[in-house]
Amino acid sequence: MVLPALRPAVLAATFSLASLAASAQTFGEFIKKPELPLTFLGVDFSATKYYGPPLTVDQGEMKEQFTKINELLERESNKYDLDKALRRTGPTKYAIYVAEASNKQIDPGTIIVPGGTPPRKGFTTQNVQDIVSRYTYPAGSTGVGLAFVVENINKLSEEETYWAVFVDMSTKQVLLAEQITGAGAGFGFRNHWASPLNGGIKSMKAHYGQWKKEYAKK
Numbered sequence: 001m002v003l004p005a006l007r008p009a010v011l012a013a014t015f016s017l018a019s020l021a022a023s024a025q026t027f028g029e030f031i032k033k034p035e036l037p038l039t040f041l042g043v044d045f046s047a048t049k050y051y052g053p054p055l056t057v058d059q060g061e062m063k064e065q066f067t068k069i070n071e072l073l074e075r076e077s078n079k080y081d082l083d084k085a086l087r088r089t090g091p092t093k094y095a096i097y098v099a100e101a102s103n104k105q106i107d108p109g110t111i112i113v114p115g116g117t118p119p120r121k122g123f124t125t126q127n128v129q130d131i132v133s134r135y136t137y138p139a140g141s142t143g144v145g146l147a148f149v150v151e152n153i154n155k156l157s158e159e160e161t162y163w164a165v166f167v168d169m170s171t172k173q174v175l176l177a178e179q180i181t182g183a184g185a186g187f188g189f190r191n192h193w194a195s196p197l198n199g200g201i202k203s204m205k206a207h208y209g210q211w212k213k214e215y216a217k218k
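The sequence shown runs 1 to 218 under my numbering.
Where hints are given, some of them may not hold.
As the list claims (entries may be wrong) - Label pairs and their computed distance ranges (CB to CB):
1) K33 to T125: 21 to 29 Å
2) K33 to T56: 42 to 50 Å
3) N78 to T110: 15 to 23 Å
4) E71 to K32: 29 to 37 Å
5) Q210 to T56: 38 to 46 Å
6) D58 to Q173: 32 to 40 Å
7) E71 to L156: 38 to 46 Å
8) Y208 to T136: 28 to 36 Å
9) T125 to S77: 26 to 34 Å
10) K217 to Q59: 42 to 50 Å
11) T56 to S170: 38 to 46 Å
None of these hints come from the bench; they were simulated from the model.
Just so we're clear, the structure is a prediction, and the values are computed from it rather than from any experiment.
All C-beta atoms in this analysis are idealised placements derived from N, C-alpha and C, irrespective of residue type, glycine included.
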């Protein structure tokens, strides 16, 4: 199922549903109970491939920019508002060090793809599951964790493709994974590629009612 994109004025992002059916009921519990805690685990770039000219940012600097994107989402949580998007009654907790630990393993030499190489295909929920299963979650974690796992950054098409991954932190099992594609916008590498993440958060807010209709009844 492909959910419709938001209007361009709302930072359009397209959704492609790729959930694990066996876990849909558990995600339904998250939807039905807004009091269940949410922890944002950060933006994971460990499997990211960058297509197109890097312009003024070299490979090593790009890895540093990934950290700055994570810091931005936590520092400006009122702008990148997960509480409103996911209808939480309590404040979202932030544990971006979880994704950052994964990002520290990045070999900068593997990020930028040689010119003329077509964007890869076939990145699946199994790839996502493999990534989040390696996380070290906060001690005594309960509730649901949310990570953004970035698949591709394409400067040529000005698109970023990533997965919004909801995880049962007690079992490390993916409850739901949404593939999102959004347009880059803004000045500077950090702001330009943080923009599609904000677009995805706004899209989740817009589609929350559809999620509730589909999953909360199960």
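For each hint, the structure was consulted:
Restraint check, K33 to T125: a C-beta distance of roughly 24 Å satisfies the suggested window 21 to 29 Å. The hinted range of 42 to 50 Å is satisfied by K33 and T56, whose Cβ atoms lie roughly 46 Å apart. Hint check: N78 to T110, Cβ distance near 35 Å, so the stated range 15 to 23 Å is violated. For E71 and K32, the Cβ-Cβ distance of about 33 Å falls inside the hinted range of 29 to 37 Å, so the restraint holds.
As the Cβ distance of Q210 to T56 is approximately 40 Å, the hint placing it in 38 to 46 Å holds. About 38 Å separates the C-beta atoms of D58 and Q173, a value consistent with the hinted range of 32 to 40 Å. At about 27 Å, the CB distance of E71 to L156 disagrees with the hint of 38 to 46 Å. In this structure, Y208 and T136 meet the distance hint of 28 to 36 Å, their C-beta atoms being roughly 29 Å apart.
Separated by about 27 Å at the C-beta atoms, T125 and S77 satisfy the suggested range of 26 to 34 Å. Taking the beta carbon of each, K217 and Q59 are about 47 Å apart, inside 42 to 50 Å as hinted. At roughly 43 Å, the beta carbons of T56 and S170 sit within the given window of 38 to 46 Å.
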